[in-house]
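*Asks:* Listed below are the residues making up each chain.
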Amino acid sequence: MLVFAASDKGGTGRSVTSCNVVYRSALSGSDVCYLDFDFGSPTAGSIFQINDVTRGVRRGGMHSYLLEPDIQTTGEPHRIDVWTQSSRASLRQRPPGSGKLMLFPGDQDGGEFGPDKEALRRCVHLLQALDEEFDMCLIDLSAGRSYATQLVLEATADPALRGVAARWLVFHRWTRQHIPAAAGLVYGKDGILDVGVRAGHDKDELQAAIKFVRTAVVDPDSIELSGLRPAQVAWLRDCDEDLGQLAAKHQVGRRAMLGEVPLDPVLQWREQLISDNDVVARDIANNATVDAFDDLARKLAADEEWASL
Amino acid sequence: MLILGEVLTAALRHSGGMPRDRVEDALGLLAGERVRTFERPISYAVSPKTYTGVDCRIVARSGAKVRGVGTLMGRACLTGGRVLQSSAVTRIEPVAGGFRQPWSHYLARLGMVEALGRPDLPGTADAHLLADRSSSMMGMGALCVRLLTGIQGSPVLDRKPPVRARRTVLRWAATIKDGAEDVKWHFAVREDGLRTVRLELGPAQIDDIVNLCEDLALHDWLLTALMSIIEQSQIGVEQPAQSVVKLRPAVDHLLHLWMPAARLDGFALSVWEGLESRPGLSRQWDASVRRVRDQMAMAAALVNNRPPERKQLFG
Amino acid sequence: MRDGTGFSESTADTRVEKTPLSHLSVELGHFYAPDLELDEHFFIEHFRRIGVWFAAARSAAENANLRAPRISTCVLIDDYFGLPEPPVALIPKLVAAARKAGLEIDYLVRESGCANNVAGVARNPAEPETGPPGLSLAELVEARLVEDPPPNTTAARPPVSHTGWLCNGQRSPATETHEAMKRPTAWRPPAENAAVNHSIFADIELWREEADGRLWSCAMLAAVWQLLRLGLLRDNGRSVAVPHPPPPDLPDNWSALPMVLRINDRAAPFNAYRAMTVCAPLFLPIENAVRTILQQVAVDPAVLGQVSDRAKGEGISLPLEVVDRIEYLFVDTGPVRGADPG
Ligand SMILES: Nc1ncnc2c1ncn2[C@@H]1O[C@H](COP(=O)(O)OP(=O)(O)OP(=O)(O)O)[C@@H](O)[C@H]1O
Ligand SMILES: [Mg+2]
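Protein chains in written order, with the working numbering: chain A, 1 to 309; chain B, 310 to 624; chain C, 625 to 966.
Since the hints were derived computationally from the structure, they do not count as laboratory data. Treat the hints with caution; some may be incorrect.
[What the hints assert, rightly or not] Simulated restraints, written as ranges between beta carbons of each label pair:
| no. | chain 1 | residue 1 | chain 2 | residue 2 | range |
| --- | --- | --- | --- | --- | --- |
| 1 | B | 464 | C | 835 | 43 to 49 Å |
| 2 | B | 467 | C | 815 | 41 to 47 Å |
| 3 | B | 587 | A | 164 | 37 to 43 Å |
| 4 | A | 95 | B | 600 | 20 to 26 Å |
| 5 | B | 596 | C | 815 | 55 to 61 Å |
| 6 | A | 68 | B | 370 | 25 to 31 Å |
| 7 | C | 829 | B | 585 | 54 to 60 Å |
| 8 | C | 961 | A | 164 | 52 to 58 Å |
| 9 | A | 144 | B | 602 | 30 to 36 Å |
| 10 | B | 431 | C | 683 | 36 to 42 Å |
Values in this document were obtained by computation on a predicted structure and should not be read as measured data. The beta-carbon is built from N, C-alpha and C at its ideal position, and this holds for glycine as well.
The following block holds chain A by itself, in its conformation from the complex (with noise of 0.2 Å):
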């Protein structure tokens, strides 16, 4: 299965929770594998913990991968091994039972870039490959109408990955601005459903494959909030409901969401892993953010949750 991670604006939230699910699903047992397809910031192996490579690699990141075939005298990826080479102790101790957890970081100074015809090639055996040894590959998008977003519409709409299920997640944050901003990335002119069509996917078929992902949630009636003052908690709550009716009318309502993630407070400081230990032993995540990731994690490989309308 690929999953590709997708948002309009920076900054949502896109990539501390695409890392995050895929680690849930590899401590589910998944065998998963995130690409850092963020050409213009690499920036998964921060997430990570991966020391040398928390802003991409210098050489056979995705970005060199695409563009350079010529030096890739493997013909594959540089990739790493999260479960082995992060810094953080607690995840080097790969759990039995556990799946493998590989990243395979952007390059350094890679840019964002018009993709050509055999760029669009190697992008289709890449992933081909890489569904060949994954459950789950997830590929984390630069922001926006990217060329990214449209390199991988292009490869999915290519007959060497047809049969492969390809899911999208939108991220947005649970605001005003982005809420549309998020329903235009899927909707508007030159959007996913656009550009997909373009490159001879089915229409409906596209869309039933894209879900939202709410990011950095605040629920009016969650336990930390009980320190408010009832007046601002009724207007946390009216503003939730105005924003309900928002999402409502551009389609990015509860039918079209897959998740939501609350704002938690190691997250807000922090972009990283959420371990276990940390809610657990260390108590300074909340369980119910680990319980997010999860049920994303459990949600993406469900194909129920993904059957057309």
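Guided by the hints, dock chains B and C with the ligands onto chain A, whose structure is given.
*Replies:* Coordinates of chains B and C with the ligands only, in the frame set by chain A:
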């Protein structure tokens, strides 16, 4: 004489068996050339040979470099309708003088790379065998990937691999010495799904060496895939019924494929005989297969006491 | 399993068919539609001028210690780019003109046979067809192209053949980059791979996709033609474009004819160890393109081996490289016009 090769091995992205004409479509790498197929003792199909031009550095272990110009042979084969392999092979031929010839010169000597200048052949073999998976002599790895991926994308496949496994790479170097009587070999399992084979032998057909190395790569892959399935099934940790669900792809798709040296003879057989005594590939395989069958038997016995689950497991 | 052991499977066969071979095949003309319209005098003059050189070729073969050299002659008719007058009119005109000039046309070949799949060669129904049917000779040759690699090319370089162009070196790089905010690259000249001091860079168009399918270039078809004459093409191991005598009644339609017509039934074999082309200097650029293509065609080693074994058996020395088996005489053959522009 030095011959270098690389073999890439993977599960075919197809859920079931395939009729012969479909196999021929998938492996028909060259228009107008036949795919050869065999049914005995195990089904086996091999693509026509293809060639790719190179003009690049040939590096020796010492760091010395010479320019190599010529062609690599590439081909692919499918065993038991399940395991797909691609190979890149070339013979390194030292030639005097530092000039590159017109290209037709090299196409009259297919499957050979001429090393211009004075190459260090043993050092070249070392460089090929000791490199890690992230670099490949003359781009042999990339050629294997291109051949294999092309076939995996063939429209006759349903894109549903029976098992998920990483492709393994086997690199080999064969030194042919006219006087040599018996075969010397060394098989090494390295990290990252990389294996190496070093051969030293008397005059032999290159095709026979390729066949041997592909056969070694095939069985090493089978063993690797089976071990990883067993590991993920968590025998002894999970309930037998759970383990069996995870073991099932091995039973359905892998267990019947073990047939070392099925189509080999001569020196290749003697290499296999040696491998069987140490490290004893078939012994490890047999033990693993027994473990799988024991789990199946146990799960079946438990299920017999609780009939309703039976259908779900073996239906 | 090997030969000599007791078990074999027919689907595992790698044999290639043999074709009869002459010592030399001489091409007496490659006629395009504009020239084919001309009257008999044009052709008599053409063949008369060529006849001098044909005689020279024959005595050269005799000088090479061949007691009775097998030499066959052929002409190539362009029915691919143009539409010549019907066979029933044209073939007798050509044959008569050659005779009047003292030459015998042994084989007459339709150029479109190189581009379209050769139909009408009866195959033994007892033997099942192998491989995808319906390939043209041009496609068979295209599949065998192995590109001349520029320096510093490993096998990691993806084949660039899907463009329809083939060159003998490195093209001048594109000067705009794809990457955002990266500096554009400066212009660099093209370079020939096997240059001696200076480059003679050639970039050859092999085909172009048109609205009604692929249009092969004249150079590509001529390259196919040369390989065919040398007896080096096979389709799944079988010989292709086997010569046939013309039907008793010549048709109005070129496509109703076999690709290779044996006009003279006492002719030496159509295929030959070597091929000579006698033509006007006008055709030099095309033949240079043909050589550029042929330098990058990897002929099946089994076929090459078969031919060179037979040459050895006859005591003939044959160049290892296919392109060196083709000789040219560029001479004034009269006022030819060649192909239509475009
Ligand atoms: N659930 C959450 N609660 C609180 N903060 C969060 C949450 N999810 C993400 N964040 C924080 O939001 C910021 C942006 O997240 P992230 O880098 O994942 O966004 P992105 O969409 O990938 O951005 P970019 O487009 O720049 O790649 C980070 O500081 C991250 O830690
Ligand atoms: Mg990001």
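*Asks:* Using the beta carbons of residue 961 (chain C) and residue 164 (chain A), state whether their distance is inside 52 to 58 Å or not.
*Replies:* 56 Å, holds
*Asks:* Could you check the hint for me, namely that residue 68 (chain A) and residue 370 (chain B) are 25 to 31 Å apart, CB to CB?
*Replies:* 26 Å, holds
*Asks:* A range of 54 to 60 Å was offered for this pair. Does it hold for the Cβ distance of residue 829 (chain C) and residue 585 (chain B)?
*Replies:* 57 Å, holds
*Asks:* Is the distance from the Cβ of residue 464 (chain B) to the Cβ of residue 835 (chain C) consistent with 43 to 49 Å?
*Replies:* 25 Å, violated
*Asks:* Is the distance from the Cβ of residue 467 (chain B) to the Cβ of residue 815 (chain C) consistent with 41 to 47 Å?
*Replies:* Taking Cβ atoms as reference, residue 467 (chain B) and residue 815 (chain C) lie about 46 Å apart, which means the hint holds.
*Asks:* Take the C-beta atom of residue 431 (chain B) and the C-beta atom of residue 683 (chain C), compute their distance, and say whether it sits inside 36 to 42 Å.
*Replies:* Between residue 431 (chain B) and residue 683 (chain C), where Cβ atoms are some 55 Å apart, the hint is violated.
*Asks:* Take the C-beta atom of residue 587 (chain B) and the C-beta atom of residue 164 (chain A), compute their distance, and say whether it sits inside 37 to 43 Å.
*Replies:* Taking Cβ atoms as reference, residue 587 (chain B) and residue 164 (chain A) lie about 41 Å apart, which means the hint holds.
*Asks:* Measuring from beta carbon to beta carbon, are residue 95 (chain A) and residue 600 (chain B) in 20 to 26 Å?
*Replies:* 22 Å, holds
*Asks:* Falls inside 55 to 61 Å, the C-beta gap from residue 596 (chain B) to residue 815 (chain C)?
*Replies:* Holds: the Cβ-Cβ distance is about 59 Å, inside 55 to 61 Å.
*Asks:* Okay, residue 144 (chain A) versus residue 602 (chain B) on CB: inside 30 to 36 Å?
*Replies:* 55 Å, violated
Going through the hint list in order, the structure does not satisfy hints 1, 9, 10.
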